[in-house]
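Engineer: Using the hints, put the two chains back together into the complex; each one sits in its own frame.
Each chain, written out:
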Amino acid sequence: MAKADEPVETILIVDDEEPVRRTFQEWLEGAGLGCQVLAAPDAERALDLANRAAIDLAVLDWHLGAGDDGLQLLQDLYAFHPNVIAIMVTGYANQATPLDAMRMGVRDYLDKNHDLSRETFLQAVKKQLALIRPAKRARSLQQSLLAFRQAVEKILPLVQSAAALNDPVPLPDAIRGLMRFLIQVTEAKDGVLLVRHYDSTKTPAETIRVYDSGGKNLEVTLLPFARSVAGTVISLQQAAVSNDLQKATWAFDLQPFEKGRRCVLAAHLPVASGLQAVLELFDKPDGFTPNDQLLASAAAELGADLLRQALGRKQTEQLLIDSVSAALAASEHVSQSLGGAVERPLEQPPPEQVLDQLRQGLRAAAGDDAHADLSLRMAEAIRVLARRHGRPALEHCLTLIDNVGRLLDKATGN
Amino acid sequence: MPDVFDEIFALLDPERLLRDPRATGEGVRLAVLDSGVERAVLEEKFRQSGQSILPVEGGIFIADRAEPLPYEGKQSTPHGTTVADIILTLAPRVQLFSADIFGPQGSCEVDIVIKALHWAIDVWHCKVINLSLGVTEQRLQQLPKRQQFLRAVEDGYYKDVLIFAAAHNDHPLTRSYPALFSPPLISVDKKLFADPLQFAYELCDQVEFQAHGRGYLGPFAQEPATSWAAPHLAGIAARLLSLRPQLKPFEMKAILYWLFQAQKKQ
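Just so you know, the protein sequences line up as chains A and B, in that order.
If you're matching positions, the first sequence starts at 20 in the numbering used here and goes up one per residue.
If you're matching positions, the second sequence starts at 26 in the numbering used here and goes up one per residue.
So here's chain B without its partners, still in its complex pose (with noise of 0.2 Å):
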């Protein structure tokens, strides 16, 4: 006998939802916090593909200064691009801002995340947010380091930032953060689906989504990792967000379960 909850979930159509022409990412400010984000590589990509995209905003953290470096449209390694590409695949329309944590270094600490979540979340007011990088356990031992890692996450929750944040490749055999902090945020892990917008609900070991692991652009794009599946399950969320811009992270992720429990009805 199907209950109320059941006549909910029949309305659910995932195909309609999540394929709607509106759904763009239109209106959407997401952050990429990665490597940089080379911005005529993707404008020329998407120029060629007809579709044209908003120029990409960012500014480049490193550790002794409060405020970010200008962004001068270059990344630090191709990492980031084929991140801002696979959202940008899937939500073309969104404000794109790179945060690039890695700078010329090609190394991030925890104190930089930190800044740039919070720089993304209270000076670009992005509603979204992308971390397909993590920091080990055995690399945050420090107690107060976590809870401060922590505390910026819960900052980004209570603010209605939605956080994805992408597993260890290793995952659960290596536990990283911020993705093991994942009630206040969306932790993805890799599964290879065959379409892009497909995801599913598989809590392991703290880690609650999988979307699809394979990029578009650059040399490792084809090799399966968390750091393409965080970025599709952004999109995705962008390309809702472009519909109802006020959800939730609680309310997107029930959405994305249901989504999940439509699909695989389906």
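Only chain A is shown next, with the shape it has when bound in the complex (with noise of 0.2 Å):
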């Protein structure tokens, strides 16, 4: 008995004779399988209700009458739902083509004239249920987490490569304006924010971004921290003037937004363990006071406490992403445990050149556009059926092509 949450299986009974097809459908019902039993006469309205609802097991009788055969059937419930099983019902089991059957769906055969009652084809339908609800429940699990991946991946790679994650720390609007405000009121030149970022494990083990006034990426080529000057003013513990920069030679090099500065202001933002940002003010007219030291130190303070907000946010964002990729993980690991890869969506259409070398070919084949675009769209569209069904879809197409063929040779007479 399926459960309540779980889909309902639909069972398609498909017999001309209208006494066998209530029979079955009496049985069905009566049994309370929990499936929902759809009856159909012929092949057309069987298709007709295949439109219309997933088939999950189908009860086919052998000849249906005016031409038509399960097998048939069989074949095109096949291209609705790839994954239907067939009982067959035959008063000829000996005639049957088991191999073709067998790889067509059909898992089971009664025969009408010797071992079918209420039993006996319970029995069978019941046995084929064991074995179509778990299958199932696997493929809508399968498409849960296909679903589930697809919204994951498209999202994923969108967040990861946004450029605040890929900064040491986001620089937060108010840091910005923290920058002009000192600038204006030390009357500075201009300033920059240094922001260094230090991991062992990682290569390059350290970044360093440089933002100006503006909160603009400096686009620069920089020297390594433990030879500038935003390297001293970290363990000098206070806000530090140099009001003789190009001077103040020896263990230290002057990255190049500092080249030509004749004064420099600079304080540490303590923000937390291997992030380091720094505060540069430059060229004071008459060179900063220690005023401007003290208003540059407890700016410093306030921006530690804002970059140390903004990190925080970022850790959080870091983290959701870690867990949304660990979930992605988690769920291919599902899908192996489940027996196989998760379903990749269709692939996308072959690159435009090489459709158009297609078209070329085919155009100077066929001497006309028209024919030549039609002629591509319905490979590309056997390429997707068979990318979306596999090898049966393409000899099933192979099999209509085929009957077309002859059905339009027969009517053209050639």
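What the hints contain is simulated information worked out from the structure, not anything from laboratory work.
Any given hint could be a false lead.
One-sided and incomplete, this derived list gives chain A residues near chain B with beta-carbon spacing under 10 Å [unchecked claim]: (1) 217; (2) 248; (3) 254; (4) 256; (5) 262; (6) 271; (7) 281; (8) 285; (9) 291; (10) 294; (11) 423; (12) 424.
Just so you know, these numbers come straight off a predicted model, no measurement behind them.
We put the beta carbon where it would ideally sit given N, CA and C, even for glycine.
Structural biologist: Structure follows, in structure tokens:
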């Protein structure tokens, strides 16, 4: 019995004899299998029902009358529902072609003339439902996993590639305002904020970003922090001034944005271990004063608080991304435990250049653009079908094309 | 009426003692617990000034290792080189050991300072240790950690090691350790003196001495800072130790105090 929250299986009975159809339907509905039962007298009605409902199990008469046969119908049903399982009911079981039938999804035979009773019929149906239900649950789970993965895979790269996450710490707007304020009140010509991140597990271990007073990331080649002005101020534990920067040589190098500067006021913003930020203001006309240092120290404390908050937010976001990545990995693991990789979405169409080449080739052969386009569309449709349903779909396509070919040949007398 | 102490003090001649030609730091092993030392820079600087210095040795101390990583003559930031340069300027013949306690991470925890202190005392057998750094009281709230830090400093004291610790630049507004563990060590605040061999005893909220607060090398060497004051007094102590190597910390503190009193009278 299916559980309340699980999809109900649908059984389709196709038999041209109304009493047989009704009997089968009564047996199934009376057995309390928890399935939806549909019935059709012929292939056309059966396909119509299949178009509207997902068929899990088909109980098909081998001879449907009017030239139709159950195996042919099963092939057509398979196009609608590739996982459909069939029980074939025949008065001529010895004439059946088991190999073809089994290949097409026929899992059992019932002989109208010998062993067909309520018990044998229900036993056969229950046996198939016992196989269908776990497989259906697994497929349902796979589909959910696929939907989940598709959703996550779509979002994850976008989030991961967001500039803010690549920064050691995202720069809050308030920091920009703070820098502009400090430049204004100290009468500095301009300033930068250096953010240095060190992680020995990464390559390179050290990353330094420099932002101008507008918060724009300066694309410059930076020297190692170990020989920088910023490095010195961190160990000094106070805002520091050099009013003769170009003369203070030895043991350090000037970064590109420091070259040619006359004076600098630098303050350390202690954010976190392995993450340092240094504010540098340049070229106050009369040199920086002790008051400027006090202002810079106060601003550095405020700036450090802002950056710590931003870092906290970033760490939360990172935690979320890590959790989603872990869920993605877990879904792959679950999928593999269920017996195979999650079905991948359909491939993208071939690149436009490849299609162009094919189109040109077909055009040359057919001498007609519309003809070439149609041929391409048909090839693409078959490719998608093959991708979606595998080799049986291709074989079915070939059969259909052969049939159409014969039909047209007959109609046109060729 | 002068007493016997007045007679002893009268004999003290700071000029003679501090400028003795043998007061070069020779034979003194001195550790700089800081951000590493750029060895080649100092060798080149002193070579250009016609002085030779002994090769700087050292190690890089990191959190998850008991032993330091090998020192390859590099600084983690220029701060340590500025400190070492001050010491070598005053006592060019000291045997300098660089304990890089910041490392590439650029930050330093108390545990690493303690580890480096023990290493400098017990493995490098240094007589003088300079600490131009401090942990603010705010960041050292844990009493066991503070006690552990104090024990490490006391360990140096009982092993006759002189530890010079810089006060916070905002002292006494901001209190920091180990400078405030002042009895077993020599705590140093900044002041500007005409002569880098000058210093002062000016007790202020547990910090006892003041030394010259300007350095000679690096972008902010001219910025008055306790970071530059501590190595000045450590350098002066190294000069005195090259004349009398076995001086104990309390003897050194007394001598420095007497020298300051004598300087005042001059």
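Engineer: Does each hint fit the structure? Answer for all of them.
Structural biologist: Each hint, compared with the structure:
1. 217: Holds, because the Cβ-Cβ distance from residue 217 of chain A to chain B comes to roughly 5 Å (cut-off 10 Å).
2. 248: holds (5 Å)
3. 254: This interface hint holds because 3 Å falls under the 10 Å limit.
4. 256: Where the cut-off is 10 Å and the nearest Cβ of chain B is about 6 Å from residue 256 of chain A, the hint holds.
5. 262: holds (8 Å)
6. 271: Since chain B brings a Cβ to about 4 Å from residue 271 of chain A, closer than 10 Å, the hint holds.
7. 281: violated (13 Å)
8. 285: Where the cut-off is 10 Å and the nearest Cβ of chain B is about 8 Å from residue 285 of chain A, the hint holds.
9. 291: holds (8 Å)
10. 294: Nearest chain B Cβ about 9 Å off; hint holds.
11. 423: With a minimum Cβ separation of about 73 Å from chain B (threshold 10 Å), the hint on residue 423 of chain A is violated.
12. 424: Violated: closest Cβ of chain B sits about 74 Å from residue 424 of chain A, beyond 10 Å.
In summary, the numbered hints that this structure violates are 7, 11, 12.
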